[in-house]
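Protein chains in written order, with the working numbering: chain X, 1 to 227; chain A, 1001 to 1615; chain B, 2001 to 2248.
There's no promise every hint is true.
What the hints assert, rightly or not - List of simulated lysine to aspartate or glutamate pairs, DMTMM-like, C-alpha gap at most 20 Å:
#1 X:LYS180 to X:GLU207
#2 X:LYS208 to B:ASP2149
#3 X:LYS208 to B:GLU2179
#4 A:LYS1534 to A:ASP1577
#5 X:LYS208 to X:GLU223
Stated by the list, open to error - Here are a few chain B residues that sit away from chain A, every Cβ distance over 12 Å (derived from the structure):
#6 GLU2097
#7 TRP2111
#8 ASN2161
#9 ARG2233
To be verified - The calculated label-pair distances, taken between Cβ atoms and stated as ranges, are:
#10 B:ARG2233 to A:VAL1282: 51 to 57 Å
#11 X:ARG133 to A:LEU1575: 52 to 58 Å
#12 A:VAL1282 to X:SER135: 56 to 62 Å
#13 A:ARG1094 to B:LEU2186: 31 to 37 Å
#14 A:THR1090 to B:ARG2135: 51 to 57 Å
#15 B:TYR2013 to A:PRO1130: 30 to 36 Å
#16 A:VAL1282 to B:TYR2013: 25 to 31 Å
#17 A:ALA1470 to B:ASP2124: 36 to 42 Å
#18 X:HIS194 to B:TYR2013: 29 to 35 Å
#19 A:THR1090 to B:LEU2078: 35 to 41 Å
#20 B:TYR2013 to A:GLY1162: 29 to 35 Å
Hints are computed from structural coordinates only; laboratory data are not their basis. Glycine residues also receive a C-beta, built at the ideal position from the N, C-alpha and C atoms.
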Amino acid sequence: MLEVSGLDAAYGRARILFDVSFEAHAGQVAVLLGRNGAGKSTTLKCIIGLVRPRSGEIRFDGRPIQHLQPYQIARLGVGYVPEDRRIFTDLTVMENLEIGRQPPREGAPRWTPAKLFELFPNLGRMQDRLGARMSGGEQQMLTIARTLMGNPRAILLDEPSEGLAPVIVEQMARTIRELKAQGLTVLLCEQNLHFARLVADRAYVIEKGQLRRSGTLDEVREEYQQV
Amino acid sequence: MGSVPFFFMSASSILIQFLNGLASASSLFLVAAGLSLIFGVTRIVNFAHGSLFMLGMYLAVALAPMLGFWWSVPLAALAVAAFGALVEATLLRRLYAAPELLQLLATFALVLVIKDFTLWAWGPEDLLGPRAPGMDGAVRIAGLRYPEYDLFLIGFGPLVLGALWFLLRRTRWGTLVRAATQDREMAGALGVNQRWLFTSVFALGALLAGLGGAVQIPREPATLFIDLQIISDAFVVVVVGGLGSIPGAFLAALLIAEIKSFCIGLGYSKITLVVEFIVMAVVLVIRPWGLLGRMPAQSRGPGTVELPLAFPTRKALAALGGMAMMLALVPLLSAGYTLVLLTDILVFALFAVSLHFIMGPGGLHSFGHAAYFGLGAYGAGLLLLKGGLPMELALALAPLLAVCGALVFGWFCVRLSGVYLAMLTLAFAQITWSVMFQWDAFTGGSNGLIGIWPSSWLSSKTAYYYLTLATCVGAIALLWRVLHAPFGYALRAGRDSPLRADAIGIDVRAQQWAAFVFAGLFAGLAGALFAFSKGSISPEALAVPRSVDGLVMVLLGGIQTLTGPVWGAALLTWLQDAVSRGIDYWRAVMGAIVLVLVLVFPQGVTGFLRERFAR
Amino acid sequence: MTVLAIRNLAKAYGGVQAVRDVSFVVAAGELLAMIGPNGAGKTTCFNMLNGQVTPDAGSVEFEGRSLLGLTPRQIWRLGVGRTFQITATFGSMTVRENVQMALLSHHRRLWSLTALATRSYADDADALLARVGMREQADRPCAVLAYGDLKRVELAVALANRPRLLLMDEPTAGMAPRERNELMQLAAELARSGGIAVLFTEHDMDVVFTHADRVIVLSGGELIAAGRPDAVRADARVREVYLGTGDA
Chain X
1 MLEVSGLDAA
11 YGRARILFDV
21 SFEAHAGQVA
31 VLLGRNGAGK
41 STTLKCIIGL
51 VRPRSGEIRF
61 DGRPIQHLQP
71 YQIARLGVGY
81 VPEDRRIFTD
91 LTVMENLEIG
101 RQPPREGAPR
111 WTPAKLFELF
121 PNLGRMQDRL
131 GARMSGGEQQ
141 MLTIARTLMG
151 NPRAILLDEP
161 SEGLAPVIVE
171 QMARTIRELK
181 AQGLTVLLCE
191 QNLHFARLVA
201 DRAYVIEKGQ
211 LRRSGTLDEV
221 REEYQQV
Chain A
1001 MGSVPFFFMS
1011 ASSILIQFLN
1021 GLASASSLFL
1031 VAAGLSLIFG
1041 VTRIVNFAHG
1051 SLFMLGMYLA
1061 VALAPMLGFW
1071 WSVPLAALAV
1081 AAFGALVEAT
1091 LLRRLYAAPE
1101 LLQLLATFAL
1111 VLVIKDFTLW
1121 AWGPEDLLGP
1131 RAPGMDGAVR
1141 IAGLRYPEYD
1151 LFLIGFGPLV
1161 LGALWFLLRR
1171 TRWGTLVRAA
1181 TQDREMAGAL
1191 GVNQRWLFTS
1201 VFALGALLAG
1211 LGGAVQIPRE
1221 PATLFIDLQI
1231 ISDAFVVVVV
1241 GGLGSIPGAF
1251 LAALLIAEIK
1261 SFCIGLGYSK
1271 ITLVVEFIVM
1281 AVVLVIRPWG
1291 LLGRMPAQSR
1301 GPGTVELPLA
1311 FPTRKALAAL
1321 GGMAMMLALV
1331 PLLSAGYTLV
1341 LLTDILVFAL
1351 FAVSLHFIMG
1361 PGGLHSFGHA
1371 AYFGLGAYGA
1381 GLLLLKGGLP
1391 MELALALAPL
1401 LAVCGALVFG
1411 WFCVRLSGVY
1421 LAMLTLAFAQ
1431 ITWSVMFQWD
1441 AFTGGSNGLI
1451 GIWPSSWLSS
1461 KTAYYYLTLA
1471 TCVGAIALLW
1481 RVLHAPFGYA
1491 LRAGRDSPLR
1501 ADAIGIDVRA
1511 QQWAAFVFAG
1521 LFAGLAGALF
1531 AFSKGSISPE
1541 ALAVPRSVDG
1551 LVMVLLGGIQ
1561 TLTGPVWGAA
1571 LLTWLQDAVS
1581 RGIDYWRAVM
1591 GAIVLVLVLV
1601 FPQGVTGFLR
1611 ERFAR
Chain B
2001 MTVLAIRNLA
2011 KAYGGVQAVR
2021 DVSFVVAAGE
2031 LLAMIGPNGA
2041 GKTTCFNMLN
2051 GQVTPDAGSV
2061 EFEGRSLLGL
2071 TPRQIWRLGV
2081 GRTFQITATF
2091 GSMTVRENVQ
2101 MALLSHHRRL
2111 WSLTALATRS
2121 YADDADALLA
2131 RVGMREQADR
2141 PCAVLAYGDL
2151 KRVELAVALA
2161 NRPRLLLMDE
2171 PTAGMAPRER
2181 NELMQLAAEL
2191 ARSGGIAVLF
2201 TEHDMDVVFT
2211 HADRVIVLSG
2221 GELIAAGRPD
2231 AVRADARVRE
2241 VYLGTGDA
């Protein structure tokens, strides 16, 4: 579904990614494991088009997308959930969902606010609340719900467990498994092994901008812990 | 008309002044709302917004004879909107990723280009507009005659406010705009086409400015001065109302327009600016982000990473010393125009270095540094002519006037940051300019002061050149040395991370204030030297374009280099000298040069060279 | 010896009680972790200690002296160091210069126009950097440091003022597991050798239960548990509102 090959990226003169290649299969959860600064977030930003790669190819559903603008990539059916949530705090829950709204899409689950409120009952109880007045956990739910409003076929999640209480993290894992059950392809960045173990079908360890190892989570675990 | 104490005004004339204020507020609100809207989404403070207002005025005046007034107003506004969309799509779009300062500079270049375009198209004379057909009469209010058209304007402002509210709160476009205002990158990642959104917002903002200008034509003539006057008024409105708040802009426009109206009605039109200033000061002290504004969010995106400031190597110091020596030898070779030009260059080098002092290490982006230059220049002239002091004493004391200005203005400025600071510094400079421009009896008004000549022992070009050389080189060396002292480091600390600076006991505001005054002192010294080198001084010395010259010098040289401002000053002064002598529309040419520089060298020329040859 | 004593602290924002009746103490040489779900009031509590937020009620005493009404600057001068959740350093300066700034401030030399900043207290700065293991990187610009190293620089900066209390907001956020442990080990050593009281907030429970001497748990603005890590971990209420059951 999502194939990345030979990805190189840099901020100014500082190179961040070196020849990174991996793929996320349709309907599965792939996890990029790595510590802070390893290049995980940059990888996701390259896929969604927020960072322009220096070289390499990114294919979504067989089609190269590395030259497209973020909004074009989003409109092809790639959803992006950033690390720091980036909720529109001046907007209400419903307005935040409105920003993410895109027309229904072939081969992707079709989301409406009503369906999302089934998945995230908390949000349904605060439809008119401003983003600024929500707790971190609620914001994390909203940022995912907002992205789902675009009816994506694949979703990129940047450290969804960061900064959340352990109980909320467990909830988050259930949500991700639910999305997978609906047929969504999920690519996840994580440093939290406990969380990754709850959801991953396949894992890639990334360190200093290079891919170190790939396999099932159990296969790459040792490698990651040595990082 | 003499001045009348407030309590002698009749109730009816109070009412009329109040209505006058309401009518003026409408047009001001339109401009400020457009400015706020554009800033919200694109994060660009459009200095050319007053120029769009001016274009709207001239276009409406030009179209009215052909189409009639009521058609000319919306068409002029639409034409300005189309022009705005064009500017956004061809120019500003390339600058969204550039540093804030360069964006401001680019829109300022537009001011210059539009001004000369207007001059070329419609000539230098003021143009009177037609009256509004069907509304050219007057009605009786409380026994006094009041123009019908003004009543229409009173209703027009709230109407536009209502329309904007509906657009922003009740339509999908408005929701997208509000989202993009907060985080445009994220909106893009969610599938929102930003290009289209930005262009449409800019066009709407331009439409509002053009409309604001067009509806004014029955009330006041179109002039070439109106652009800067309106933009500084709009800045005051936006600062008072809160940047990004449309209702705030409305409230502040009312407040400012009423103040003006009552000052004029009471016969104190000359102190309008002072009262306006005091109101703004009070608002900012009580609510630093304006009446309805909020603290600006931290801007997103990778900040520019700067390298540590290394103390110049022995070699570099020797090279700089050698250069000063060479400059000292110039009079042996040439005594004519070269000396005059070099004197100018030295003066502006000091001006640019003093601006760089607060802008680079201090991070305080001043768009009104010419105010201190001008205060120094006027100080010199006034001390000599009105104070009867000897020239040497006048030169030494003149910078103190600049210090006084910097003490007062700086106190407010260091409470703000980023674009707020830029707007406030520009507004202060414009106020200072207006005072010098209007106070005929004391400052000579638009003619300025003449006969400011140095003492006889300095009267030769060579002698004055040596004085300038010694003073400027000494002052620049001093400014640079202070940057390497703990004071200069603390200043940079406050810029790099105010949070951390505060947490280790650095009083960031106090240090910035001191730096502001310090820079004002040296800008004033440059101004005083300038006044004696020319023998006269006019309000142009502290007009907004002079402030922008300073910015161009600093940016041209590269803001994060030590010696950059000196090179920038030399290049720009030489360029201006060459261009302004040969070409009629030199402002437009300057504007075009600035635009090209901004587009080609977003890191400044020295920055570009360093980048290029660093490998 | 009690360094910091918090009594009956309370704060409301627009009708919402963010913190209510919170009391605890921190002793010299002790690492106290403050944990709890998002919105529990940790940040508000923290900001009331360092002068950024004024409480509605209650008292904050540092070495017997009230901190209420003091600015962050004054609090620092009394001997309270801080590190931030997102590191805050001076990016345009070298590592050594960052520490020198803190030393210049400590010695009240910030307004000097004549000294050379880079030559002031350089040896003292190097000594501090050596204590946090950053001596070798002293000449590197802060802007290019790895995240974990920036955290160490922040520690060195905090130590420049000889603090008796160190406030650390999410000290290990954004770090890999090994880095986290190294940083907290360093903090613990510094605290014990220097008799410094450390109060930190933390989301990583491994860090909390490995390094904290005591733990306090906030939920809904109230203190719901306090004590040794093992006791807190076993507390039924803490498991319910925060730690979870361990199976998803």
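Right, here's what the structure says about each hint:
Taking the CA atoms of LYS180 of chain X and GLU207 of chain X, the gap is near 27 Å; set against the 20 Å cutoff, the hint is violated. A distance of roughly 15 Å separates the Cα atoms of LYS208 of chain X and ASP2149 of chain B; the hinted pair therefore holds under the 20 Å criterion. A distance of roughly 15 Å separates the Cα atoms of LYS208 of chain X and GLU2179 of chain B; the hinted pair therefore holds under the 20 Å criterion. Distance restraint check for LYS1534 of chain A and ASP1577 of chain A: the Cα-Cα separation of roughly 14 Å lies within the 20 Å cut-off, and the hinted pair is therefore satisfied.
Note on LYS208 of chain X and GLU223 of chain X: the hinted pairing holds, with a Cα-Cα distance of about 14 Å set against a maximum of 20 Å. Separation of GLU2097 of chain B from chain A is inadequate, the least Cβ-Cβ distance of about 7 Å not exceeding the 12 Å criterion. The Cβ of TRP2111 of chain B sits about 6 Å from the closest Cβ of chain A, inside the 12 Å cut-off, so the non-interface label is violated. Once the 12 Å rule is applied to beta carbons, ASN2161 of chain B is inconsistent with being away from chain A; the minimum gap is 7 Å.
Interface exclusion of ARG2233 of chain B from chain A stands, the closest Cβ pair being 32 Å apart, more than 12 Å. For ARG2233 of chain B paired with VAL1282 of chain A, a C-beta distance near 56 Å keeps the hint of 51 to 57 Å intact. Between ARG133 of chain X and LEU1575 of chain A the beta carbons are some 54 Å apart, a value that agrees with the proposed interval 52 to 58 Å. With their beta carbons about 38 Å apart, VAL1282 of chain A and SER135 of chain X fall outside the hinted range of 56 to 62 Å.
For ARG1094 of chain A paired with LEU2186 of chain B, a C-beta distance near 47 Å fails the hint of 31 to 37 Å. At about 54 Å, the beta-carbon gap between THR1090 of chain A and ARG2135 of chain B stays in the expected band of 51 to 57 Å. Between TYR2013 of chain B and PRO1130 of chain A the Cβ separation comes to about 56 Å, which falls outside the hinted range of 30 to 36 Å. Hint check: VAL1282 of chain A to TYR2013 of chain B, Cβ distance near 27 Å, so the stated range 25 to 31 Å holds.
Take ALA1470 of chain A and ASP2124 of chain B: their Cβ atoms lie about 39 Å apart, and the range 36 to 42 Å holds. A hinted range of 29 to 35 Å holds for the C-beta pair HIS194 of chain X and TYR2013 of chain B, which are about 33 Å apart. Between THR1090 of chain A and LEU2078 of chain B, the C-beta spacing of about 57 Å breaks the proposed range 35 to 41 Å. The supplied range of 29 to 35 Å is met by TYR2013 of chain B and GLY1162 of chain A, whose beta-carbon atoms lie about 32 Å from each other.
Going through the hint list in order, the structure does not satisfy hints 1, 6, 7, 8, 12, 13, 15 and 19.
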